[in-house]
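Modelling step: build the complete structure from the supplied sequences, incorporating the hints.
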Amino acid sequence: MKQHLDLYLTLLKTSIISQFQYRVAHLFWLLAMMVEPVVYLVVWGTIATSQGGSVAGYTAGTFAAYYITWTLVRQMNIALTPYAFENRIRKGRLSNELMRPIHPIHFDMSYFMSLKVVTIVLWLPIAGLLWWVFQPIFTFTAWWQIPAFILALLGGFVTRFLCLWALGLVTFWVTKVSAVFELYFTIELLLSGRLVPLAIMPAWVRDISQWLPFQWTFGFPIDVAVGTLTGPQVAWGLAMQAVWMLIAGGILALVWPHAVRRYSAVGA
Amino acid sequence: MVYVRLFWIFLRVSVISEFQYRVNFFVQLFQSALALGTGLVAMSLVFSYTQNLAGWTQPELLAVMGVHIIVGGLIKTIIQPNMNRLIEDIQEGTLDFALTKPADAQAIISVREFRIWQLIDLVLGSVVLGYAISQLSTSLGWLSALAFAAAVLLGGLMIYSVWLMLSVGAFWIIRADNFLEIFDSLYQAGRWPVSIYPGWLKHTLTFVLPIAFAVTLPAETLARQLNGQNLLFAVGLTILLLVVSRLFWRFGLRHYTGASA
Amino acid sequence: MSQTIKVDTLIKTFQVPEREAGLKAAVGSLFKRKYREVEAVKKISFGIDAGEIVGFLGPNGAGKTTTLKMLAGLLFPTSGQIDVLGYEPQRREKELLRQITIVMGQRNQLMWDIPALDSFELQRAIYQIPEGEFRRMRDELIDLLSMGDLVKKPVRNLSLGERMKAEFISALLHRPKVLFLDEPTIGLDVTAQRLIREFVAAYNQRYQASVMLTSHYMADVQALCKRVIVIHHGQLLYDGGLAGLVEKFAAYKTIGVTLNDPDLDLSEYGEIISNSKGQVNLRVPKNATAQITTRLLNEVAISDLTIEDPAIDSIIEQVFQQEAQVV
Numbered sequence: 013m014k015q016h017l018d019l020y021l022t023l024l025k026t027s028i029i030s031q032f033q034y035r036v037a038h039l040f041w042l043l044a045m046m047v048e049p050v051v052y053l054v055v056w057g058t059i060a061t062s063q064g065g066s067v068a069g070y071t072a073g074t075f076a077a078y079y080i081t082w083t084l085v086r087q088m089n090i091a092l093t094p095y096a097f098e099n100r101i102r103k104g105r106l107s108n109e110l111m112r113p114i115h116p117i118h119f120d121m122s123y124f125m126s127l128k129v130v131t132i133v134l135w136l137p138i139a140g141l142l143w144w145v146f147q148p149i150f151t152f153t154a155w156w157q158i159p160a161f162i163l164a165l166l167g168g169f170v171t172r173f174l175c176l177w178a179l180g181l182v183t184f185w186v187t188k189v190s191a192v193f194e195l196y197f198t199i200e201l202l203l204s205g206r207l208v209p210l211a212i213m214p215a216w217v218r219d220i221s222q223w224l225p226f227q228w229t230f231g232f233p234i235d236v237a238v239g240t241l242t243g244p245q246v247a248w249g250l251a252m253q254a255v256w257m258l259i260a261g262g263i264l265a266l267v268w269p270h271a272v273r274r275y276s277a278v279g280a
Numbered sequence: 004m005v006y007v008r009l010f011w012i013f014l015r016v017s018v019i020s021e022f023q024y025r026v027n028f029f030v031q032l033f034q035s036a037l038a039l040g041t042g043l044v045a046m047s048l049v050f051s052y053t054q055n056l057a058g059w060t061q062p063e064l065l066a067v068m069g070v071h072i073i074v075g076g077l078i079k080t081i082i083q084p085n086m087n088r089l090i091e092d093i094q095e096g097t098l099d100f101a102l103t104k105p106a107d108a109q110a111i112i113s114v115r116e117f118r119i120w121q122l123i124d125l126v127l128g129s130v131v132l133g134y135a136i137s138q139l140s141t142s143l144g145w146l147s148a149l150a151f152a153a154a155v156l157l158g159g160l161m162i163y164s165v166w167l168m169l170s171v172g173a174f175w176i177i178r179a180d181n182f183l184e185i186f187d188s189l190y191q192a193g194r195w196p197v198s199i200y201p202g203w204l205k206h207t208l209t210f211v212l213p214i215a216f217a218v219t220l221p222a223e224t225l226a227r228q229l230n231g232q233n234l235l236f237a238v239g240l241t242i243l244l245l246v247v248s249r250l251f252w253r254f255g256l257r258h259y260t261g262a263s264a
Numbered sequence: 007m008s009q010t011i012k013v014d015t016l017i018k019t020f021q022v023p024e025r026e027a028g029l030k031a032a033v034g035s036l037f038k039r040k041y042r043e044v045e046a047v048k049k050i051s052f053g054i055d056a057g058e059i060v061g062f063l064g065p066n067g068a069g070k071t072t073t074l075k076m077l078a079g080l081l082f083p084t085s086g087q088i089d090v091l092g093y094e095p096q097r098r099e100k101e102l103l104r105q106i107t108i109v110m111g112q113r114n115q116l117m118w119d120i121p122a123l124d125s126f127e128l129q130r131a132i133y134q135i136p137e138g139e140f141r142r143m144r145d146e147l148i149d150l151l152s153m154g155d156l157v158k159k160p161v162r163n164l165s166l167g168e169r170m171k172a173e174f175i176s177a178l179l180h181r182p183k184v185l186f187l188d189e190p191t192i193g194l195d196v197t198a199q200r201l202i203r204e205f206v207a208a209y210n211q212r213y214q215a216s217v218m219l220t221s222h223y224m225a226d227v228q229a230l231c232k233r234v235i236v237i238h239h240g241q242l243l244y245d246g247g248l249a250g251l252v253e254k255f256a257a258y259k260t261i262g263v264t265l266n267d268p269d270l271d272l273s274e275y276g277e278i279i280s281n282s283k284g285q286v287n288l289r290v291p292k293n294a295t296a297q298i299t300t301r302l303l304n305e306v307a308i309s310d311l312t313i314e315d316p317a318i319d320s321i322i323e324q325v326f327q328q329e330a331q332v333v
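Residue numbers (my numbering), protein chains in the order written: chain A, 13 to 280; chain B, 4 to 264; chain C, 7 to 333.
No lab work stands behind these hints: they were computed from the structure. We put the beta carbon where it would ideally sit given N, CA and C, even for glycine. Some hints here could point you the wrong way.
[As the list claims (entries may be wrong)] Examples of chain C residues lying across from chain A (beta carbon under 7 Å, computed): (1) Leu80; (2) Leu81; (3) Phe82; (4) Arg104; (5) Gln115; (6) Met117; (7) Asp119; (8) Asp124; (9) Leu128; (10) Ala131; (11) Gln134; (12) Leu156; (13) Arg200; (14) Leu201.
Here it is as structure tokens:
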């Protein structure tokens, strides 16, 4: 445990140093990523106003709260894309990583954590601007909302990270994987609460997404922040995150040795 | 005439080389279908709650979406690949090869690449647009069809000019690819009519990156009515942008030769 | 002396998809692929002692990198035994990984955007090197390679040679007992090559580490390796001293003579490689060297005579060409 802590702190330090050198690039990237939620927000805000103030319980103000929190969750959610595995294998980076006495997942984890430190600093002023333009309305009912949100945010990242890492392992067996990944991302877009709050979706979609990991990594943390969930609902969501972490982590632990075996049979 | 031949030759080479990767056709088809599906889902969600969005009816919005896909396909077929290649060449110093050819350099760098599989979007977008028009009560005359084609062409030229100027930025800024990231995501905003956005975004989409002219205006021409004044304005703006981007390209080129000499 | 690496009848076969031309075949291959087996390494056996530097030679595609990767645990052998420091490398146990290292000339492991010094720190955390030992080793290596303050510059601003030196420091911080060096001097200028060579020799001396080196530069091999292993088409051709390699494979020797009469024609004694103003170099079959030398001394007026082995590069080249003809 102490060894891993030392490793993470050092990894974080080194990758924060290198990430900060690209802060301008990160800022542009961050700005580019703001367009998507702003479009959703404008469309749904317009509808809410035209429908006499609210749609499925959301007013223009709560939509603003939803999509502004969205921008933070989206940033915190960024994890290794499954495409990265192809690069790793093709450019031989995996060989370097396998020579080290440490599981490669730790390098990714710390890299993405460092990325978040950098982007959150850049995100704050942008969020302030969005706040000023769109006037969000958050419902603050209890003190635990804040720690619960932070927990849900971190849980969402770890869950998504593990799911995508597990999905990326497909690359070891199949060469043309982009179709699989695209399908996954499309389903995620629709069922996670990224396109619209799940409350907007038809009831049967909500029922399905209950049993899938997507909404727990995206819509759930947002709902906690916006204040639309009760205490038991929050507890349930955190439990679902834990369940999916266990499932994805279990698949990873099970499949990874086979993936390495496969890699070392074929070579790079 | 020389340039038409040049374009034809580059096109032929691209087609031949892309035909070697036929699997990419299916991958592209799948991805385009997914994107179209997502767009349709979003639209049906909107219209399950309302009859019109800021005055736009469902068929009208569908027409906007169709044009958005068509113009997006054109961008990804020819504008984006050439501009990406240009930036790459500037970054790696390989632009010299294009500059030492005995033809206009801007013409060469603009037509070197051609991604034919991206034309799938042209087909899908046309299907969506055709369906949308069939749902509209207005009848389609020759005049508006012609105006539509003109509007798409003008929009394409405007986007090309703006993108060229952004790419030329690579002569000074190493990581110019980031501008393009922004362009890409702003283009996604064009899926909806530009008029629904708040003022600052609307003006950005009209005058900074002319998505209003490239997508909304052609769709309006077909689905609503021909607005001669807007079309005339588009002609003027296109000429202006073409001239400015040409000047900017030559200015950048001077900088490039200066730096590498 | 104890053996650190033991390899016994090592075999590696790859399955390579067969490609046929034509659309029909291309569509068919989407569903059912034909495979062909390629033997990259065929029954290789050898052992390497602690403190030994062994040159691993062979042309491109001979199976060098494949063997090296199997020794490093990156490739699974098809059959045969490998033992590195008492471990099977393909099991990739952490205890083994902490004692070996691989340096590849064409790949960098250092982080591009930060000073090498910070990457070293990362290496410390990865290999869990105790703080004091880490500092001592780091400073010693920086000193040995005379890197000085260069380690404080971002890696991307270093020259190729400086970068390679930094790579070496990073790869040796955990004081590995076994080093796999794959073309470590490729693309470097002569000075940097010499520095790296001297450094490898010094490290090997100081820590009695085993080194396996592949290189296209014979100068590297001549400077560092007393022993060489030659493989070709996956088979072991030679394992022994560098001098013995010359002895075994050099089919020719070069006789250099200085003639009193510069116009004399010597072509009846051997193949004339060069002739300038009476300085003649003759290529003669090795086993006939003594006989031709005697004849020359007896029959021709000569002021000087030397007998030389051909350069090691040309021997190696010759070996590979011969083999290619046989197979």
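Broken hints, by number
When the structure is compared with the hints, numbers 12, 13 and 14 turn out to be violated.
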